[in-house]
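Chain by chain, the residues:
Number of protein chains: 2
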Amino acid sequence: MLPLMTQTGLKGRERAFDRLCHRLVGSGRLSVRYPSGAVREYGDGSGDAARFHIRRPQALVRIALNPEFALGEAWMEGDITLEHGDLGDALTQLLKAGGAGRAGGMAGWLRALRRLRRRLDQFNPAGRARRNVAHHYDLDDGLFDLVLDADKQYSCAYFEHEGMGLEAAQAAKKNHIAGKLCLQDGQRVLDIGCGWGGMALTLARQANVSVLGVTLSQRQLDVARQRAEAAGLSGRVRFELVDYRALEGRFDRIVSVGMFEHVGIDHYREFFETVRGRLAPGGIALIHSIGRMDGPGYTNPWLAKYIFPGGYIPALSETLPHVERAGLLTGDIEVLRLHYARTLQAWRRRSQASRERIEALYDRRFFRMWEFYLASSEAAFRSGQMMVFQLQLLADLEAAPLTRDYMYTPAARQAEDRRAA
Amino acid sequence: MLPLMTQTGLKGRERAFDRLCHRLVGSGRLSVRYPSGAVREYGDGSGDAARFHIRRPQALVRIALNPEFALGEAWMEGDITLEHGDLGDALTQLLKAGGAGRAGGMAGWLRALRRLRRRLDQFNPAGRARRNVAHHYDLDDGLFDLVLDADKQYSCAYFEHEGMGLEAAQAAKKNHIAGKLCLQDGQRVLDIGCGWGGMALTLARQANVSVLGVTLSQRQLDVARQRAEAAGLSGRVRFELVDYRALEGRFDRIVSVGMFEHVGIDHYREFFETVRGRLAPGGIALIHSIGRMDGPGYTNPWLAKYIFPGGYIPALSETLPHVERAGLLTGDIEVLRLHYARTLQAWRRRSQASRERIEALYDRRFFRMWEFYLASSEAAFRSGQMMVFQLQLLADLEAAPLTRDYMYTPAARQAEDRRAA
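From first to last, the protein sequence lines stand for chains A and B.
Read in order, the letters of the first sequence correspond to residues 1278 to 1698 in my numbering.
Read in order, the letters of the second sequence correspond to residues 1278 to 1698 in my numbering.
Heads up, some of the hints might be wrong.
Identical chains blur together in the list; that is why a pair holds if it fits in one copy or across any two.
Derived EDC-like pairs: lysine to aspartate or glutamate, alpha-carbon spacing no greater than 20 Å straight-line [to be verified]:
# : residue 1 : residue 2
1 : Lys1288   : Asp1422
2 : Lys1373   : Asp1673
3 : Lys1373   : Glu1675
4 : Lys1373   : Glu1318
Hint data in this document are derived by calculation from the structure and do not stem from the laboratory.
Fair warning: this is a prediction, and the values are worked out from it, not measured in the lab.
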């Protein structure tokens, strides 16, 4: 009970919201300035207090009824702002306190409704998958140029050493994945969801392999092709605008980074059967995806509407049944915990530094949406709700070495070992 | 169609068995000498042909009706022997050919019956758990002394380097697990299913920690206590005859090697909730268990009767839901594929070398049972049906380092890093 609490009385709707906050924010420390000007503090007083300012009484009702959706919208509209503190910190506190997280504060019927919607949302036939991808990945390249690293890696980096910056950590991510693929000269590699081509080009540089990268984003395709051309690798690295389910033939290696999140749970069987079907004898696949640490859930409705329609973040327990049924052998499962939080923090810092240019490309509302997306995602990783998993899958028992030592041996040494063998 | 096939005609029951073998053994190469003396070959002719000799017509019927159970019993009774080839090789071929494996060749009603039985078999209240453990682990120590390594590690070894022997590979296993536990001086460690104490003593030697090892086997307890005494570690390493579910208090580290296989699927929730409950903040648990590579299955009925009553080998997809629900964070999942095949091969070789002494301890039938257990288990790993997983579980996000580098840094170097930190 801080002295602030008695400075001003709360108005009608504010009192209901205040009760809700007391119920939801059990730990941590969070303060709210109400539309009337009154300020209240919540939590057990531990940690730094961020203070939200809720500027419009209507936002109180919307947030109370459906916090996971309405908080993001209110932020976009400027109906809620931050008086002090960092948005990532504040949202992490909320999630840790169990607020907007699992309990969610919404009525039971809303949850039931959402579970029904979960299935519909994830209905991803080829045509819709393409529209869903265009929604996000065809955003003006200028945005991604400003926010991402120079190679445009739009997925979790690997902070291999303390103090690593984003550029180095994205390079480390590509090397780490390449290491798990045990590339050998002459192999055929498939990159499902190749983005702007950075991973495919890295693999082609590390070994004399031919790579096919597929994406559903026309803009990504154009950039990836230009880059292959510029790197003098277009003879070995091809990019196509095609749904991975339409591919034929066999590949010695399959890599898919940050694409599985868009597959949708109803399509997991199809996904892993396709991977199994495209994988040659002795083959290795590496699936890098965000995962839900705390078991099956549902897609945050704000994220589903504004950022990733059709997406779903799976728990490992939802993913592995399909791996096993498809007849793929699980070679290794790495769980990267806080790496994506750091990645998102770096992206948000870069976004803030280029705020004016991003607002000029779009508008202020877009920037606030973008900022909320990065901050709330960061909070999901920092609170332990989300992680990233790297699933190494084998076509047969002898496809990969017996121990994981090779993943922790520098690439140069590995290449030497291969030459010696 | 080899010339042998026409040498002698098959008798009544033999013809039915012959048709079954043709249907089941699609690949590989296997030959059978029938009770009548007739010899037939099956498979596509690839690989070495092992030849079983079925000596009694009654065995034909039993094996045809319930191969997973009756093959083991017929072997124990000497009703089926091997004319040439290795039992492990022969059973691996059978499993790979899809024979005694999943399809099983038994009628549909037998499978349904078994699924029902799966639940009953795994009903493991504390009293029964104790009887189940005594069934196997109270076997005369002389047997395990003859078969296992000097430290009596009765679980999968870790063949870290090519050409490693069993002794070195068991030491490497203990070090590998110790590395994943990130031990720090002063910590409290719990070893669930401590066997003859080798892991507990290793951990106590690697760091100044106190260890409590629990087992349900009186013989294991006696040996473990003697060893702690002899090593001068009884001040820091205690052993108790107690069910892990009866424990109280918190531990910084929990390790469980080769015990989860005995828990039974109906008790997984209880198992992981207990681990969560016993784990202190910042805690790490490491569960090392055999896993089923190809998804949920059932316990081989012969193994359940003669070797491990109450046991069940889980698929990862059956294990992880309970990890997630218990609120444990998955830190890492390593899958060891062929390591247990090598371990079992070494145990079988040692058993063969001590055949006379083992038969003197028990009898010939016991030796044949023991031999079939080791060979059929080896086959399950070599055919890719089984693997071993090491599940590293965290009490919170920061319990373990951000990358897995520490697991691949020699212990000496790690100790140095800790001192420097």
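Each hint tested on the structure:
1. In this assembly of identical chains, the alpha carbons of Lys1288 and Asp1422 never lie at most 20 Å apart, being 46 Å within a copy and 79 Å across copies at closest.
2. When the C-alpha separation of Lys1373 and Asp1673 is checked against a cutoff of 20 Å, the pair qualifies only between copies, where the shortest distance is 12 Å, while the shortest distance within a copy is 41 Å.
3. In this assembly of identical chains, the alpha carbons of Lys1373 and Glu1675 lie at most 20 Å apart only when taken from different copies (14 Å versus 43 Å within one copy).
4. In this homomeric assembly, Lys1373 and Glu1318 come within 20 Å of each other (Cα to Cα) only inside a single copy, at 16 Å, whereas the closest approach across copies is 65 Å.
Hint 1 from the earlier list is the only one contradicted by this structure; the remaining hints agree with it.
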